[in-house]
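Line by line, the protein sequences give chains A and B.
With the first sequence counted from 1, adding 285 to any position gets you the numbering used here.
With the second sequence counted from 1, adding 285 to any position gets you the numbering used here.
FYI, nobody ran anything at the bench for these hints, they're computed from the structure.
There may be inaccurate statements among the hints.
Note that identical chains are pooled: a pair holds if it fits in a single copy or bridges any two copies.
Claimed, not checked - Computed list of lysine-lysine pairs in DSS-like fashion (alpha-carbon distance at most 30 Å, straight line):
1. 455 <-> 410
2. 295 <-> 326
3. 287 <-> 422
4. 506 <-> 304
5. 422 <-> 387
2 protein chains.
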Amino acid sequence: MKLQDIYARKKKDISAIEKELERSVYIDHAMLRETSVHLLKAGGKRIRPVFVLLAGEFGTYDLERMKHVAVPMELIHMSSLVHDDVIDDANTRRGQLTVRSKWDNRVAMYTGDYIFARALEIITKISNPTVHQIMSKAIVQMVVGEMEQIRFFFQTEQTIRDYMLRIKRKTALLIAISCQLGALAAGAPEPLANRLYAFGYNVGMAFQIRDDILDLRGTEKELGKPPGSDVKQGNITLPVIYALQQAELRDRILQELARIQASDGQTDATPLIETIRRSGGIERAEELSGRYIDKAIAALRQLPDVQAKQDLIDIAYFIGDRNY
Amino acid sequence: MKLQDIYARKKKDISAIEKELERSVYIDHAMLRETSVHLLKAGGKRIRPVFVLLAGEFGTYDLERMKHVAVPMELIHMSSLVHDDVIDDANTRRGQLTVRSKWDNRVAMYTGDYIFARALEIITKISNPTVHQIMSKAIVQMVVGEMEQIRFFFQTEQTIRDYMLRIKRKTALLIAISCQLGALAAGAPEPLANRLYAFGYNVGMAFQIRDDILDLRGTEKELGKPPGSDVKQGNITLPVIYALQQAELRDRILQELARIQASDGQTDATPLIETIRRSGGIERAEELSGRYIDKAIAALRQLPDVQAKQDLIDIAYFIGDRNY
């Protein structure tokens, strides 16, 4: 099963979301419109909207209502990326110039604020207070996660638990609530929505672990940015933490990281990446990611057998094998 | 009537809001807690929460419900200031170091995001969808206003209308909705809340015009920052626009502004400020500010004669005379 096949079934609705995304950021202000459209055109898998749509099939599916959740979830994701790129001094993302690099950090800050404000404006069309409460709590945690990332740059003493909490806030939460809110907006009962939350959370954890692995294993062409970007900016990901646990490699890795930190990310990270690749850390991270996928699928077990359930399982397996 | 006298009547509730503000930003994350508390301690007049409380008296006043609007309004204001300081490269505000200057721009960006997210989390406790719709629409406009400010830096061809729209978005809107949402949260009827919106809008316009005048007329001690800060960063305010309309002064002002722009704000702005002071632009701006105060008070005319009505009138007159 490929992601395209799942997307194919929802093709009409996904393209309706795509149109609505464009409409949602439209504004009579040239620069904000340009930065927002630039971000939208840079693409992305729209995995959050797809999760919203699929989760909605567990309730009374109504595309108009679904839009009011699917679009905000993608916009919140986009706005967090723009602010993230400011923190990371990132010049490219998905092979495109970032807003901070094409314009500047200040424009990027306000573009993020703007897209985020639009997300809020749209979700207020859903009048269920639970939806707003869940969303706002998740957003607080996401911002904390972004700050945490700064604090943990080059922190080689961090634990796997530190890493897990960070990626939960950074990635898994928004995917989890996309599933949960999609169901709630479609009027599905809360316990069902909570299982979808659990599914999304576990898929999101696996997704981020996979993403962190790719940064160490992929090529520039595959990634749309140079490999090793994480480690160069001091973002210590799961494979690195595992590699640091290898007594015979630890000192070498610490030295390489110190060298990178001292050079402000200008040093070639290839020797470090090679060491991590040989450490077995990537394989251990893959294994853990696989366990999250298993948990995600287990969370769906007791849900009714609608078509969306099989689609969610297929997406989970796809993310588990993610090699792009 | 002094502001303190009005505050005195609501003293207990205002200090309850102050405590709630502190509680609201509390977090088990040292840096976010420090930056947020730093911002809170830097003070401010808490005019938005006071408006929420007074507006609430036109409905069924319940402090707990009022808190869920008053605290978010102040937090949204604070978060916009932090992001504003990043754009303005501001080192001090109210005589205190700004977050961007004490920490850095990136910390300031996330502190703003965090405080804003907290504001959302709190206001979701009000389950009236209209409240959320009004707030989110206003926030979109506020962000657009902040971007507009960048675009209009050193734009000497701008009209009074451009200026008015900018200060509406930057200042008046949030004050307007503070009044409106305070009434709505207290269950007051919508037409009444709309009159309070009109009051807040007009007071807010007068307030910002006064603020812009002060920057040209005040001393460093009065302002908590060097005078002429606006003009040094290219922020063309109402007295400057009026001064530029004086044919005999126009060329001199344009030259001075060009000199400041070329020097990246390093040039002494005293000659320019002196010219503007002599132009009569300040007096014309004061007159316009006075007209907004009159309109604000007129908006209250048909409201029931509760004590809060007189308080609002007193605050409006106070802002009209604002010389601090």
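Do the hints match the structure? See the list:
no., hint, in the structure
1, 455 <-> 410, "both (26 Å within a copy, 25 Å between copies)"
2, 295 <-> 326, "within (20 Å within a copy, 52 Å between copies)"
3, 287 <-> 422, "neither (33 Å within a copy, 40 Å between copies)"
4, 506 <-> 304, "within (28 Å within a copy, 53 Å between copies)"
5, 422 <-> 387, "between (32 Å within a copy, 28 Å between copies)"
Against the hints set out earlier in the document, a violation occurs for number 3 only.
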